[in-house]
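Could you build the full structure based on these sequences and the hints that come with them?
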Amino acid sequence: MANPDNFSQFLASVEKRAFGMAVVSVKNADDALDIVQDAMFTLARKYSEKNSSEWAPIFYRVLNNRITDFHRSNSRRAGLFGWFGFGESSGQDELEQVAGPAQHNPEFIQELDSDTRLLLEAVALLPVRQQQAFLLRAWEGMDVKNTAKSMNCSEGSVKTHYSRAVHALREKLGEALQGEDDE
Amino acid sequence: MMSELNDEDQQWAQRAGEQLRSHEQAIAQSTQARLRSARGQALQAASEPVRSWVFWPAWGAGGLSAAVFAWVVFVADPVEVLPVMDDIEMAAAQEAELLEELEFVAWMLTEREMDDEPYQG
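Residue numbers (the numbering used here), protein chains in the order written: chain W, 1 to 183; chain G, 184 to 304.
Derived from the structure by calculation, the hints contain no laboratory data.
Cβ coordinates follow ideal geometry from the N, Cα and C atoms, glycine included.
There's no promise every hint is true.
Cβ pair distances, simulated, as ranges [unchecked claim]:
no., chain 1, residue 1, chain 2, residue 2, range
1, W, L125, G, A211, 31 to 41 Å
2, W, K145, G, A253, 43 to 53 Å
3, W, D143, G, D190, 15 to 25 Å
Pairs of lysine to aspartate or glutamate, EDC-like flavour, derived with a Cα cap of 16 Å [claimed, not checked]:
no., chain 1, residue 1, chain 2, residue 2
4, W, K50, W, D5
5, W, K46, G, E231
6, W, K145, W, E54
7, W, K159, G, D190
Derived coverage of chain G by chain W (criterion: at least 3 residues anywhere in the stretch with Cβ under 8 Å from a Cβ of chain W; other residues may be distant) [as the list claims (entries may be wrong)]:
no., segment
8, 188-195
9, 204-213
10, 220-230
Here you go:
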């Protein structure tokens, strides 16, 4: 490992956001923890020797892949047992359309103030790729280039997903967040 | 690089991001403890070298077994698996074949003689 202290600091700096992103997407704290732990292990095992500037995009890429895998396996299960005869849809297109139902309210969201809770609940209803683009760009503060690496897509796709996400969220919550400016 | 958002959208997204960052500590203590534990395990995993040589004996034994099996199934000549006969057994077998042939010839001659006899019906 390049430098254990640096690596530990990096993981400490991203773990809460990573958990937040995972829990917003998969809507279950235990699954989210498994996903974050898996992403940490993968980064530690395979990529800790890389330059520290590469850790963030690699970590979020692994995290997003795990989240995507989670949704894929869930939709396959739903396809097999829920909508028998509905037909198999292709992975990426399917993920574009997945909007997370707010069925579980993880403790993370319950402990937030009402504005932030509303924001996260609205994010949870976005298609997965829009969630990822919004959370990486707005929450993590990542630039377009690294977001594209993290999402394994082109920079143009990141811009499209992010733009759509912000428009959808503003449409839903614009008033709520606008209210903060007026105070 | 041109931004993907107009100024208004960008400001809104910035505020949303700040709001999310300011509430990161809202994660329950128990969850934070599990995240710390996961981090510790990941760091430990990173510091341990992958000792692939530990698996060499197993790989070796498995590979040897597979090679022997493949040789027996695909390469080995099945004729060699048959029991080898000694000279006496071989001679006896040949004599037996000769006797069978003699018997056949004798039967054929008898048949011919019967065919040659006039019909006495």
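Non-conforming hints, listed in increasing numerical order: Of the numbered hints, just 1 does not hold.
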